[in-house]
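Going line by line, the protein sequences match chains A and B.
Residue 251 in our numbering is what sits at position 251 of the first sequence, and the numbering runs on without skipping anything.
Residue 161 in our numbering is what sits at position 161 of the second sequence, and the numbering runs on without skipping anything.
What the hints contain is simulated information worked out from the structure, not anything from laboratory work.
Check each hint, because a few of them may be wrong.
Stated by the list, open to error - Here are a few chain A residues that face chain B, going by a calculated C-beta distance under 10 Å:
#, residue
1, Gln137
2, Gly162
3, Gly286
4, Arg332
5, Ser427
6, Arg853
7, His854
Claimed, not checked - Ranges between beta-carbon positions, derived for each pair:
#, chain 1, residue 1, chain 2, residue 2, range
8, B, Leu298, A, Gly680, 33 to 43 Å
9, B, Ser66, A, Gln829, 46 to 56 Å
10, B, Pro48, A, His854, 28 to 38 Å
11, B, Val46, A, Pro165, 45 to 55 Å
12, B, Ser158, A, Ile144, 25 to 35 Å
13, B, Gln88, A, Leu836, 31 to 41 Å
Claimed, not checked - In the DSS-like style, the derived pairs of lysine-lysine whose C-alpha atoms are separated by at most 30 Å in a straight line are:
#, chain 1, residue 1, chain 2, residue 2
14, A, Lys291, B, Lys287
15, B, Lys287, B, Lys180
16, B, Lys18, B, Lys233
17, B, Lys287, A, Lys131
18, A, Lys224, A, Lys76
19, A, Lys335, B, Lys287
20, A, Lys118, A, Lys131
21, A, Lys244, A, Lys291
22, A, Lys244, A, Lys131
Just so you know, even glycine gets a beta-carbon here, dropped at the ideal spot from N, CA and C.
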Amino acid sequence: MKKPANASAGKIASNNELNQAPASTSIFCDYRPIEGVFDEAVNTEGAIRPAWHDLIRRLDAMGLDELATRRQQASKQIARDGITFNPHDSEGSGSRPWMLGAIPLILAEAEWNVLAAKLSQRARLMEALLKDLFGEQRLIRERILPPELLFGHPAWHPAYQGLAPANQRILEYYVADLARAPNGAWWVTGDRTKSPFGLGYVLENRIVTSRMLSTIFRKLPIRKLAPFYATLKEELRKLAPRSKENPRIILWTRGPASRSYFEDSYLARYLGYTLAEGGDLALRGGTIHLKTLGGLLPVEVLFRRLDDEDGDPIELNSSSEFGIPGLLDVIRNHKVAVSNTIGSRLVESPVFLPYLPEICRTLLSEEIQLPSVFTWWCGRPEDREYVLNHLDELIIRPAFRMQNEAPYSTRDLSRAHRDELIAKINSNPNHYVAQESVLRSTTPVVVDGTIRPWHLALRTFLVATSDNYRVLPGALARVAPESTTLNFTMTFGERSQDVWILTNKHVDEISLLDSNTKQVLPRRSGSELPSRAADNLYWLGRNIERAEQTARLYRTVIETLESELSDELQHGPMLRYLAEQGHIDPDHIIPELNRATPSVVDVLPKSIFDLQRPFGLRTTVNNVVYNAHRVRDRIAPDMWRTIDRIQTTLDPSRYDQNLRGFDAILLLDQLLADFAGFAGLVAESMTRTLGCRFLDLGVRIERSSQTNTLLRSFLGTEPNDDPSIIEAVLRVTNSLMTYRNRYLATYQVPVLLDLLLTDSTNPRSILFQMAQINEHLNAMPRDEFQAILTPEQKLGLSIANTVRLADIYELSTLNRDHERPNLLKLCSQLDEQLPLLSDAVSGRYLIHAGLPRHLGTVDKHA
Amino acid sequence: MPAYRGISEQSTSMHDMKYAIQHKTIYQYATPVSLCQNVVMLTPRVSPYLSCSNHRLTIRPTPTYSHSRTDAMGNHVTVFAIEESHNQLTITSSSNVVLIERLFSIENPSPSVQELTTSLDRQTARNWFDAVPFRYDSARIRRSQLYADFIRGFIDPSTPTLQVLHRLSEQIHRGFQYSKDATKVDTPTEEAFNGRAGVCQDFAHIAIACLRSIGIPARYVSGYLRTIPPAGKTRLVGADQSHAWVSAWCGDELGWVDIDPTNHCFCKLDHIAVAWGRDYSDVVPIKGVFLGTGEPKLEVSVDVRPEA
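With the sequences and hints as input, model every part of the structure.
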């Protein structure tokens with residue numbers, strides 16, 4: 001095969017535009033493009049391209065130092081928002097923060113529109129290709145595509161054939177990766193047809209950049225992104241098979257373990273869709289439903305963000321834990337639409353690239369306008385010969401791309417590895433394609449205080465409209481110092497940049513955060529809370545309360561012990577409680593052993609970080625982070641930031657190995673301030689939805705339970721009614737101020753018990769918690785015709801009444817064994833009933849029926 | 001192994017065969033199951049050599065929801081769900097089928113391997129499009145040098161395709177041990193091949209892998225086998241089993257030819273096809289999920305009763 005017009009050669013486009021070199025005072029005066037490479041900002045004569053004039057003038061006015069400062073601020077914002085690639089890792093390792101460059105990429109609208117038209121054609125082509133492969137298979141029958149490209153494709157499954165209705169769009173969105181060659185032409189380096197990965201990062205780039213360069217952003221005529229997302233919503237809505245007006249659309253994620261989970265939750269919140277995992281969805285009565293607290297709600301459209309073969313564990317990959325059993329048949333019966341259609345990933349493979357021009361002629365009767373980077377399929381003998389003869393100029397990729405397999409470049413290989421690769425190609429030629437590597441264009445990037453040309457990869461996004469595709473007027477730009485780095489998958493890109501398409505026309509003032517084109521009627525949301533989300537919110541509440549109590553306990557203990565340096569045995573109840581809760585080893589409370597063990601005040605600061613202790617502070621905070629991750633789409637960004645800060649504060653690497661009492665107190669002070677901040681956000685910025693109620697339910701049940709245990713340990717058995725102990729109880733329960741206001745420095749047990757048990761006005765008392773719990777339980781969704789109380793309502797009322805009727809003087813009475821039998825009795829009653837209440841709530845609302853299991857595969861053909 | 005002896009002597013005198021088939025599957029759950037969803041392929045597959053009347057698929061308890069469709073390979077598929085609590089699921093498929101003998105023998109002319117594969121590679125065979133989907137790898141079968149070397153040990157490119165089938169079946173029948181303990185339902189084909197042991201499913205997969213590795217299209221057929229009781233014994237009702245064999249494409253004249261490597265014979269009047277696909281995973285008779293705990297107890301009985 002002859003080598004066609006080369007992507008990397010060709011004359012460099014000269015520019016007869018206004019020749020205007022940057023002024024010597026400009027921050028761009030030392031910017032020199034690389035010889036033989038197209039530069040986005042500067043032409044070959046060193047003149048700034050017209051579209052960039054305005055930006056550069058304004059950046060000059062700002063100066064590099066200010067720009068650097070703003071970029072730092074932006075990086076902080078990105079860190080606070082927790083924008084990472086791999087954010088599910090609970091320990092925080094392995095996740096990379098999103099790196100955003102300060103200077104956006106500028107493209108003139110006139111040029112962009114030409115590119116956009118070509119991109120639209122390519123999207124139409126990809127859809128036509130998919131439709132043909134999943135339908136008539138004309139391309140194979142007419143011998144345009146070798147049969148192996150479909151029937152031998154590992155991503156092919158016969159179940160995809162005829163799956164989606166013939167008259168329906170099957171490619172709602174399409175993503176093309178582009179590179180610009182030295183002659184100024186754009187080439188497609190990859191097609192993405194499964195899911196629009198990057199669409200959330202584009203938004204975040206725009207939001208951060210528009211804040212970072214707010215004055216410039218407002219002055220320049222930049223095309224807005226929001227209408228694109230509105231179109232996406234509109235198109236997904238139109239897919240709904242039944243209720244076109246207000247269909248329930250789900251963003252279907254693989255869950256927190258998925259690499260795209262950050263973006264999934266981000267997009268779900270931005271687009272206003274419920275984020276759901278396979279386990280939140282169920283097939284009942286032939287349609288798909290979302291399992292919520294309010295019952296099953298019908299789902300019409302699934303915006304799919306997981307792999308094709310994971311979609312249905314009955315018909316496709318039976319080991320998938322993320323799918324919906326039986327889904328494919330529901331699609332066939334037109335009861336639900338999945339977008340992009342299941343199986344759409346097939347045409348991402350580079351093996352189709354050499355055939356695209358012919359496919360385009362056959363299916364669209366058009367010539368292809370936007371070429372792919374030149375690709376040879378080693379399955380064709382003449383291609384293989386060319387590839388083996390030009391191996392060092394090419395990059396080698398798996399022909400049937402399944403995942404983000406890294407390409408090989410023989411230049412990076414040792415002799416032995418190179419020979420091995422050749423042997424592999426020869427023994428399995430069909431599995432490989434070779435591609436030309438485009439020497440990518442460059443764009444200005446601020447590096448170490450200077451502006452340098454970095455190479456550019458552009459990811460563009462398209463969404464279907466009724467008869468064509470609409471291109472996002474913007475893109476995800478990745479920049480790196482080496483052109484070849486960008487041939488790797490997205491995560492390898494060194495930095496990202498916002499892309500500004502500058503228009504001459506008036507820019508519609510649509511707010512980015514208000515994408516609705518239609519007027520929306522006010523709604524009171526809430527019942528659409530998936531059980532899984534409710535479960536996580538409930539445990540988030542419990543864990544955050546437990547963490548707060550633990551932090552306050554540590555602080556109280558350390559303060560008490562530090563301040564007196566007296567015999568620790570005086571604080572018997574306090575130490576006993578610490579040991580019971582697993583914060584210190586039991587040795588400390590056995591008098592015979594106590595002398596031999598290191599003092600508690602030395603040990604306790606270390607156990608703050610000890611992950612071995614199941615109820616330890618750091619363990620509990622890790623649980624908080626885990627729960628928060630899983631409901632990230634349902635909590636406010638500020639709440640997320642607070643949790644992030646709590647986790648950072650508890651990072652042991654920030655502290656001296658031998659953290660002393662005083663430093664520990666400072667640390668705990670900081671934590672407690674953050675916990676208070678979180679509680680404030682819950683009170684002030686979470687709408688009073690069911691989700692909020694579950695979070696608070698968790699907090700209240702945990703607080704009752706903690707206070708109860710504390711009272712029993714400190715005041716029940718062998719109490720030591722020393723004022724310092726009573727004060728400690730008040731400190732741990734955060735009620736010291738209230739107590740002092742009322743009783744000054746007179747420490748007496750009955751009034752203490754009143755304050756912490758039966759005082760309905762103290763937000764720390766158990767009675768107050770029970771009142772809140774009962775209010776939440778009354779507000780839970782239930783069968784409206786059911787007149788009698790639910791078991792958990794009865795239990796809640798019963799506990800509240802028990803506490804309310806308790807007599808504080810009787811409770812305080814000591815018997816001969818130096819115990820408070822009545823208090824102990826009440827405590828053990830609560831100890832038994834509070835977990836029952838928690839279980840009753842879980843049983844009714846939270847634990848869903850579990851994952852479906854496969855029927856035995858014992859029925860083997862014998 | 002379904003007891004099967006010497007079909008060729010008996011079938012020469014017959015031109016068709018009638019059967020009443022009943023295939024009953026019972027799942028007994030350890031604890032009540034609140035929901036099950038199933039996809040079953042239990043309807044005999046009609047072809048020029050098989051006609052089916054009186055097919056009934058009975059499911060107890062009665063499904064909340066059920067419907068039937070034809071899959072991409074033309075098999076009849078029934079999808080159903082039971083959305084009420086149940087302890088036991090019973091699926092009974094009963095059919096009356098008539099098999100018409102396909103008249104051919106090993107002496108029939110067929111293209112050589114070389115001719116056949118070339119006509120497919122160049123897409124010159126009239127029916128190439130029907131054959132090619134079964135030439136490549138599938139979920140359970142990966143073509144490899146291993147299989148190609150094995151089959152090339154007893155054929156060469158000039159061997160007629162029918163002979164290839166016959167010799168391959170003979171080699172598997174002779175060289176592989178029939179053993180129910182050697183493999184499980186999900187044992188990889190290569191493992192069964194290396195262990196030289198297995199049951200009909202493994203033998204079918206191995207034969208397909210060998211055929212595809214030299215470019216011959218081959219598919220997996222699931223169905224039933226008539227069992228002939230030992231001399232002097234009466235036929236035991238329900239003692240039959242579901243069975244599997246291979247169908248290979250032998251050129252435009254013969255088309256798809258079925259051969260049973262487990263019993264080393266061409267399939268004529270004793271094999272009742274239900275479904276075919278690229279391998280077992282395309283034609284699993286019953287698959288599905290349920291919500292519940294414990295391993296369900298499975299009871300299967302197949303009865304293939306010849307009728308006058």
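Quiz item: Tell me, which hint numbers fail for this structure?
Solution: When the structure is compared with the hints, numbers 8, 11 turn out to be violated.
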